[in-house]
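Visitor: Chain by chain, the residues:
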Amino acid sequence: EPEVTQTPSHQVTQMGQEVILRCVPISNHLYFYWYRQILGQKVEFLVSFYNNEISEKSEIFDDQFSVERPDGSNFTLKIRSTKLEDSAMYFCASTLGETEETQYFGPGTRLLVL
Amino acid sequence: KQEVTQIPAALSVPEGENLVLNCSFTDSAIYNLQWFRQDPGKGLTSLLLIQSSQREQTSGRLNASLDKSSGRSTLYIAASQPGDSATYLCAAQAGTALIFGKGTTLSVSS
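Keeping their order, the protein sequence lines are chains X and B.
Just so we're aligned, residue 476 is where the first sequence starts under the numbering used here, counting upward by one.
Just so we're aligned, residue 60 is where the second sequence starts under the numbering used here, counting upward by one.
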């Protein structure tokens, strides 16, 4: 069964460093998403992406964040200058349609900023 | 702004019991409502999706209902098993974003 994959599974970085989280969505899906979950808190929406453009973003997704689909298979989330409060589990998701389809989530990347 | 609330926060039941998890949302203008399962430290596994025009969906021992007018959804788990122990999340789709509740952590004892 097709699945969303994410790399790395864990990443430790120093405050102020740039990190890139990678995702490979399900191959025929068209809509891509990033969410995050700070330990013990709700899963929070960051951004949605379609046709090489951001469709929607939350207040969390400020200028420190960016997304890119550099080729036909990968979808990345970049954090330019990490802060302690960026420590969280980051989930990528994808779906075939915009509103009528299940969003399928990857296993997540646990980011720890020291 | 859409808010999603799940009650109870935690639930412990003996194996074999039927149970209901509750989810409420503040804005009825949703495209769909999804239920997920999350095991500790793991990703989200989709369980059921209910379109806004639907009233319920079933998958095996799981049945989810949706009442948009009252802003409520329930997840019914029949004949619970220890393997059902996990956190169950509901999420309402508004726009392209899923807005999640904090979840109900279920523990089923054998």
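By construction, these hints were calculated from the structure, which means they are not laboratory data.
Treat the numbers as computed from the prediction; the structure is a model and nothing was measured.
Among the hints, erroneous ones may be present.
Claimed, not checked - The calculated DSS-like cross-link candidates involving lysine-lysine, where the alpha carbons are at most 30 angstroms apart (straight line), are: (1) X:Lys553 - B:Lys127; (2) B:Lys101 - X:Lys553; (3) B:Lys127 - X:Lys558; (4) X:Lys532 - B:Lys161; (5) X:Lys553 - B:Lys60; (6) X:Lys532 - B:Lys60; (7) B:Lys60 - X:Lys558; (8) X:Lys532 - X:Lys517; (9) X:Lys558 - X:Lys532; (10) X:Lys558 - B:Lys161.
What the hints assert, rightly or not - Sample of chain X residues lacking proximity to chain B, with all beta carbon distances greater than 10 angstroms (derived): (11) Val518; (12) Asn527; (13) Ser530; (14) Asp538; (15) Asp546; (16) Thr551; (17) Lys558; (18) Glu575; (19) Leu589.
Just so you know, even glycine gets a beta-carbon here, dropped at the ideal spot from N, CA and C.
Visitor: Which earlier hints can't be squared with this structure?
Guide: Going through the list in order, the structure violates hints 1, 3, 11, 13, 18 and respects the others.
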